[in-house]
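Please build the complete structure, drawing on both the sequences and the hints.
Read off the chains here:
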Amino acid sequence: MDDSSARRSLGEPSLRSTFSDDPEMRELVDYFVGDLERRMHALRAALDACDAARLHTLAHQLSGSAGGYGFAPIGDAAKRLEEHVRSMRADDGLAEEAAVSVVREKAEDLISTCRRAIRTGDDA
Amino acid sequence: MNLSAFMPEFRSRTPRVLVIDDSELIHRLLRTRLQLEQMEIHCAADAKAGHELARTLQPEVILLDIDLDGTDGFELLARLKEDAATHDIAVIFISANCETMDRVRCLDLGAIDFIAKPFEIAELKARLRSAIRIQTLLRMLAQRAQLDGLTALWNRSYFEQRLNAEFSEARRHGRALSLVMCDIDHFKSVNDRYGHPFGDEVLAQFAQILGTSRASDVPCRYGGEEFGIILPNTVLAEATEVAERIRAAFEAHRWRRYPDLVLTASFGIAEVTNMLHLTGEPTKDLLVSRADQALYAAKRAGRNRVSNEPLPMVA
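Chains as they are written, first to last, in my numbering: chain A, 1 to 124; chain B, 1 to 315.
Honestly, the hints are just simulated from the structure, not real lab data.
Cβ atoms here follow ideal geometry from the backbone N, Cα and C, with glycine treated the same way.
Check each hint, because a few of them may be wrong.
[As the list claims (entries may be wrong)] Computed spacing ranges between beta-carbons, pair by pair:
no.: 1; chain 1: A; residue 1: Y31; chain 2: B; residue 2: L147; range: 19 to 27 Å
no.: 2; chain 1: A; residue 1: D122; chain 2: B; residue 2: L109; range: 41 to 49 Å
no.: 3; chain 1: A; residue 1: D48; chain 2: B; residue 2: L138; range: 27 to 35 Å
no.: 4; chain 1: A; residue 1: A45; chain 2: B; residue 2: N164; range: 50 to 58 Å
no.: 5; chain 1: A; residue 1: R119; chain 2: B; residue 2: E120; range: 22 to 30 Å
So this is what it looks like as structure tokens:
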């Protein structure tokens, strides 16, 4: 395994699928990474529109699947967002300001984690 | 009622797995990860499409996501278990939120297993294989219990169940449904004269001829030397032709041990839409008794014939 942290460039460390070397998964991992672009846009749009239901769906889909594509950090970030959105919806607007800012923070965290993902052929 | 649940096709086909999950990412992942397994993968994105596919595909196993959009997985599981066409399908829950109470609720609702997301693919495969193995055995047992040991035709209990289902189906859609009851002529004297082993051979041979009927016909052993054939979507004239072909084939059969022996059978036919002029709503039992009466008429008229005219009931 190459140590991507040793090769990180100036920005944030890139995130490589743990299945990068699995021939069965290569095409699928690249599909997932390519599709992330669209998902990040959707997350951003849902965040701007304060659309909690949409945020929850998007986070839920990533929390359940990213791990399966070898991107556990994305799955974890998505799960944190999903849980916060859910508890916010359950609280029904209690301490809304504070809750919204936490959700915003978790969503930004998820988006920046997604941005770090790289395709199987890319250099870390 | 979904009649495909009755079809004897489970024995040889590749096991089917239906994935019901609202994420396309999961569909793709599972299709790829399970492509080398001995199983067909089918996917549905919501509860409605999932339930429909479950009915038509009759998969061995359903992998069901708890957190579906709209109808949640618990609700869908309850519906699958209430539906006679799907209630025997093994359901494995998958969920990212695996609290103990959720697991308990899943199993209480009738799921057989629970897998947490994100799943370890090796574990998922092993659990699927095990579920498929058990499910295939259960279906085989259920089917065995409905097959006649001597003739390998469907048995009486299956006959009743299937006729019930076909009868309601025909009435609901206003379709034709014929029933042929048949009986080997003088079978008791065959047994007495040639012995029971030969009697069994005669029954098996008759069953074999019944089995070469059209694919949609459902031949069953009704009991002893009496057989019933359910013919969905078949009018009286067509059913009469089917019976006549069987009658002729049986009469023409040459018995290896007794080349001069000619055996025959008699046939009585009734058809649902033909009974509508009768007073009252036709019932399944009335269909059977009209076919039986026609069979009796064929016997009375000299045997080795097909009758679709029931004798008038004796009060």
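Of the hints given before, which are not true for this structure?
Hint check: 1, 3 fail, others pass.
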